[in-house]
Amino acid sequence: KAGVTQTPRYLIKTRGQQVTLSCSPISGHRSVSWYQQTPGQGLQFLFEYFSETQRNKGNFPGRFSGRQFSNSRSEMNVSTLELGDSALYLCASSLMVSSYNSPLHFGNGTRLTVT
Amino acid sequence: AQTVTQSQPEMSVQEAETVTLSCTYDTSESDYYLFWYKQPPSRQMILVIRQEAYKQQNATENRFSVNFQKAAKSFSLKISDSQLGDAAMYFCAYRSAAGANSKLTFGKGITLSVRP
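So the sequence lines, in the order shown, correspond to chains Y and G.
Using my numbering, the first residue of the first sequence is number 1, and each one after it goes up by one.
Using my numbering, the first residue of the second sequence is number 1001, and each one after it goes up by one.
Bear in mind the hints are in silico, worked out from the structure with no lab data behind them.
Incorrect hints may appear among the rest.
[Said to hold, decoys possible] In silico DSSO-like links for lysine-lysine, alpha-carbon gap of 30 Å or less: (1) G:Lys1108 / G:Lys1070; (2) G:Lys1073 / G:Lys1108; (3) Y:Lys13 / G:Lys1108; (4) G:Lys1055 / G:Lys1070; (5) G:Lys1055 / Y:Lys57; (6) G:Lys1108 / G:Lys1078; (7) G:Lys1073 / G:Lys1055; (8) G:Lys1055 / G:Lys1108; (9) G:Lys1055 / G:Lys1078; (10) G:Lys1108 / Y:Lys57; (11) G:Lys1078 / Y:Lys13; (12) Y:Lys13 / G:Lys1055; (13) Y:Lys57 / Y:Lys13.
With the hints as extra help, turn the sequences into a complete structure.
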């Protein structure tokens, strides 16, 4: 069974631009979560989607948004990029909403660099 | 708000030896879940082991086991018979058992190196 697939693996953008990251969950998984990983802040929760609905949201500005499609694939969008948005963005899927019995399975991440 | 603390940024272990990675957390909740994730250079986070707070018995997965001390809010990971492939960053994570709050709160991680 294929794992969580994130595209692209690497991305370089300029300040002020916008970017869209894509995540394809494991087949059959209906929940997708997004996390931002930086050396200074560590891993921080962005949002979680289940059945095309945002279930939970972290403390990020409105420039960060996401959506989930009917096939469970998810996209994350960051508008008006800032230097501080440079990070590894990790997507994770789970069968149901993330829980003990439905743990997260992570992708390899998208490394975003903002110059 | 819940916090997870991993106070050791780096640790090193000799191959075949045992190493313990520390993790403490702070919460006012009584029911929650704890996890250890491994992140090798490939960047993919891999679930190593998980523990339900209401279970007193410590979880074990092959060479990996935890020492869960609920009163002390401590959740350490023991790796026995360390192998070169165990070298990675290890993250401790907390999740509330309350259904509405499904996010994981991670510690800052610890880099484990394994000496041949």
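Outcome of the hint check:
no.	hint	result
1	G:Lys1108 / G:Lys1070	holds, 21 Å
2	G:Lys1073 / G:Lys1108	holds, 17 Å
3	Y:Lys13 / G:Lys1108	holds, 26 Å
4	G:Lys1055 / G:Lys1070	holds, 10 Å
5	G:Lys1055 / Y:Lys57	holds, 29 Å
6	G:Lys1108 / G:Lys1078	holds, 18 Å
7	G:Lys1073 / G:Lys1055	holds, 14 Å
8	G:Lys1055 / G:Lys1108	holds, 25 Å
9	G:Lys1055 / G:Lys1078	holds, 18 Å
10	G:Lys1108 / Y:Lys57	holds, 20 Å
11	G:Lys1078 / Y:Lys13	violated, 41 Å
12	Y:Lys13 / G:Lys1055	violated, 47 Å
13	Y:Lys57 / Y:Lys13	holds, 25 Å
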